[in-house]
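Chemist: Read off the chains here:
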Amino acid sequence: MRKRCCSASVPRRAELRIVVLALAVLSPAAAVACDLAGLPQRIESATATLAYRAEPALTVGVPHVLEIGACARNGSARLVAVDAFMPAHGHGTNYRTEIAATGSGRFRAEGLLLHMPGAWELRFDVETPAGRERLVQEIEVE
Amino acid sequence: MRAALAGLIAALLAAAAVAAPVRFDEAETRRILRHGPWPPAVPADPSNRVAENPAAIELGRRLFFDKRLSADGTVACATCHAPALAWTDGKPRAATYQPLHRNTPTVLNAGLGRWFGWDGGADSLWAQSIRPILSPQEMGGSAAQTARRVAGDPALTCLARASFGAPAESDEAALVRAAKAIAAFVATMVSPRTPFDAFRDALAEGDAKAMARYPQAAQRGLKLFVGKGCPDCHFGPAFTNGEFHDVGVPHMPAPGMVDFGRHGGLKILAADRFNRLGPWSDDAEGEAAALTRRVRATHTDFGRFKVPSLREAARTAPYMHDGRYASLRDAVRHYSELDMNRLHVHGEQLLRPLRLKGSEIDDLVAFLESLSAPKLPEFAPARYSACP
Numbered sequence: 001m002r003k004r005c006c007s008a009s010v011p012r013r014a015e016l017r018i019v020v021l022a023l024a025v026l027s028p029a030a031a032v033a034c035d036l037a038g039l040p041q042r043i044e045s046a047t048a049t050l051a052y053r054a055e056p057a058l059t060v061g062v063p064h065v066l067e068i069g070a071c072a073r074n075g076s077a078r079l080v081a082v083d084a085f086m087p088a089h090g091h092g093t094n095y096r097t098e099i100a101a102t103g104s105g106r107f108r109a110e111g112l113l114l115h116m117p118g119a120w121e122l123r124f125d126v127e128t129p130a131g132r133e134r135l136v137q138e139i140e141v142e
Numbered sequence: 001m002r003a004a005l006a007g008l009i010a011a012l013l014a015a016a017a018v019a020a021p022v023r024f025d026e027a028e029t030r031r032i033l034r035h036g037p038w039p040p041a042v043p044a045d046p047s048n049r050v051a052e053n054p055a056a057i058e059l060g061r062r063l064f065f066d067k068r069l070s071a072d073g074t075v076a077c078a079t080c081h082a083p084a085l086a087w088t089d090g091k092p093r094a095a096t097y098q099p100l101h102r103n104t105p106t107v108l109n110a111g112l113g114r115w116f117g118w119d120g121g122a123d124s125l126w127a128q129s130i131r132p133i134l135s136p137q138e139m140g141g142s143a144a145q146t147a148r149r150v151a152g153d154p155a156l157t158c159l160a161r162a163s164f165g166a167p168a169e170s171d172e173a174a175l176v177r178a179a180k181a182i183a184a185f186v187a188t189m190v191s192p193r194t195p196f197d198a199f200r201d202a203l204a205e206g207d208a209k210a211m212a213r214y215p216q217a218a219q220r221g222l223k224l225f226v227g228k229g230c231p232d233c234h235f236g237p238a239f240t241n242g243e244f245h246d247v248g249v250p251h252m253p254a255p256g257m258v259d260f261g262r263h264g265g266l267k268i269l270a271a272d273r274f275n276r277l278g279p280w281s282d283d284a285e286g287e288a289a290a291l292t293r294r295v296r297a298t299h300t301d302f303g304r305f306k307v308p309s310l311r312e313a314a315r316t317a318p319y320m321h322d323g324r325y326a327s328l329r330d331a332v333r334h335y336s337e338l339d340m341n342r343l344h345v346h347g348e349q350l351l352r353p354l355r356l357k358g359s360e361i362d363d364l365v366a367f368l369e370s371l372s373a374p375k376l377p378e379f380a381p382a383r384y385s386a387c388p
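Top to bottom, those sequences are chains Y and H.
Under the working numbering, the letters of the first sequence match residues 1 to 142, in that order.
Under the working numbering, the letters of the second sequence match residues 1 to 388, in that order.
Isolated chain Y, as found in the complex (with noise of 0.2 angstroms):
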């Protein structure tokens, strides 16, 4: 896999909700504690992060399998999906990815499948006291 964007850790095309912002008042003001150790990709947004690491690394053809991390400025984070898409081709992927939590805020997606080589936008639902956000990496695969 190798990233296309200058920086990892600024998702271009994260998707806010505002609709929800009412919501964001209620939540409490400390941050929850939020490991992401061992996990090398970093996605951040205004209101969270998401870090993963993919088993094997991302590639085309075969079925992954990624530890996932995320966490809210504000409280916890629930990832809720996980997918990918190609903006080029205007296609996704032809599986559904299964996500478990795994506690502590930690979550596992199985069977994440890149079919074709080139730009890929993987897309993170995630639920946050702020509400359901999108984050997003650009990747490219070979």
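Wrong hints could be hidden among the right ones.
What the hints assert, rightly or not - Partial list, computed: chain H residues near chain Y (C-beta under 7 angstroms): (1) Asn241; (2) Glu243; (3) Asp272; (4) Arg294; (5) Val295; (6) Arg296; (7) Thr300; (8) Leu350.
In short, the hints are calculated from the structure, not lab data.
For glycine and all other residues, C-beta sits at the position ideal for the given N, C-alpha and C.
Could you slot chain H onto chain Y? The hints should help.
Modeler: Relative to the frame of chain Y, chain H by itself:
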């Protein structure tokens, strides 16, 4: 005088262009190396516990050629997948008892696939093998007939016992066993190394002398192949990503009739009680079954067909799911003259008519021809010695 000089220079340049060795930059080299090494290991099929059993492979080989599995004793798998025609029937569309609207693909390298049939309606080689036996259009057989055929022949019974142990408890069990044995045989059919593979390995090792043995036209064709995006779909050692795409081949096999492609295949798969999630799988919970569980319909499935392997393609004419092209040249020309009107609706957004020059089409064809071995083996394993 000027014109003559310009003509001379042009002629010299053309000559130089013909003679100049084809160069591959770093990105092209990486892409080319992804098409090997060859041959690869056939992935295990945990849904078939006899997938690697020698007795089952021999039983499967015999059943593959056995016409007595058919309605009137005239059709075997090998009738449509004939060894002399690289395991195809050479026809545009298959026809035994009744004409089908699809081309017969080769079974060479089928064991490397994830899905089977042009629409991927089967998720294992054994499920794919059950279909033609039962189909009244193809072999018109039945579970009971298959059970009788094996039970009535001492050699087949001996091989079945060596493969599975105790006799099958029902006709359907006997059918599934026959199909699993056939699948074990089919999975052994990996095509041999080709001139392309020798070039690819020489490129990996930087062995210029060995690389030079690969014809110039094939080298130019290979450069076009990786440069024009063909490996987006014809990816990896088998030259297929194993998935489904729409390259603008029409899917109206007859007036008023539509071949739904992957859209229909997913429905067939879900309804198939012989799929990897069903009671006949030997591993309904493992990773193999996970693919069947996770596969999902998408809004672009309609009219998508499986990306065929390009290995041995020079031997498997005619081409495409409906056998519409008689030659590799015609198939390449398809990409040169794509019908964008059809593609805009369902097709791959990146595909554009390539508008290839005649010489470029020649080169691509020369490259595709280099994906065939000089000769195919017979895939006739030594007789399993414990049975007659």
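Chemist: Run every hint past the structure and note whether it holds.
Modeler: Tested hints:
no.: 1; hint: Asn241; verdict: holds, 5 angstroms
no.: 2; hint: Glu243; verdict: holds, 4 angstroms
no.: 3; hint: Asp272; verdict: violated, 18 angstroms
no.: 4; hint: Arg294; verdict: holds, 4 angstroms
no.: 5; hint: Val295; verdict: holds, 6 angstroms
no.: 6; hint: Arg296; verdict: holds, 5 angstroms
no.: 7; hint: Thr300; verdict: holds, 6 angstroms
no.: 8; hint: Leu350; verdict: holds, 6 angstroms
Against the hints set out earlier in the document, a violation occurs for number 3 only.
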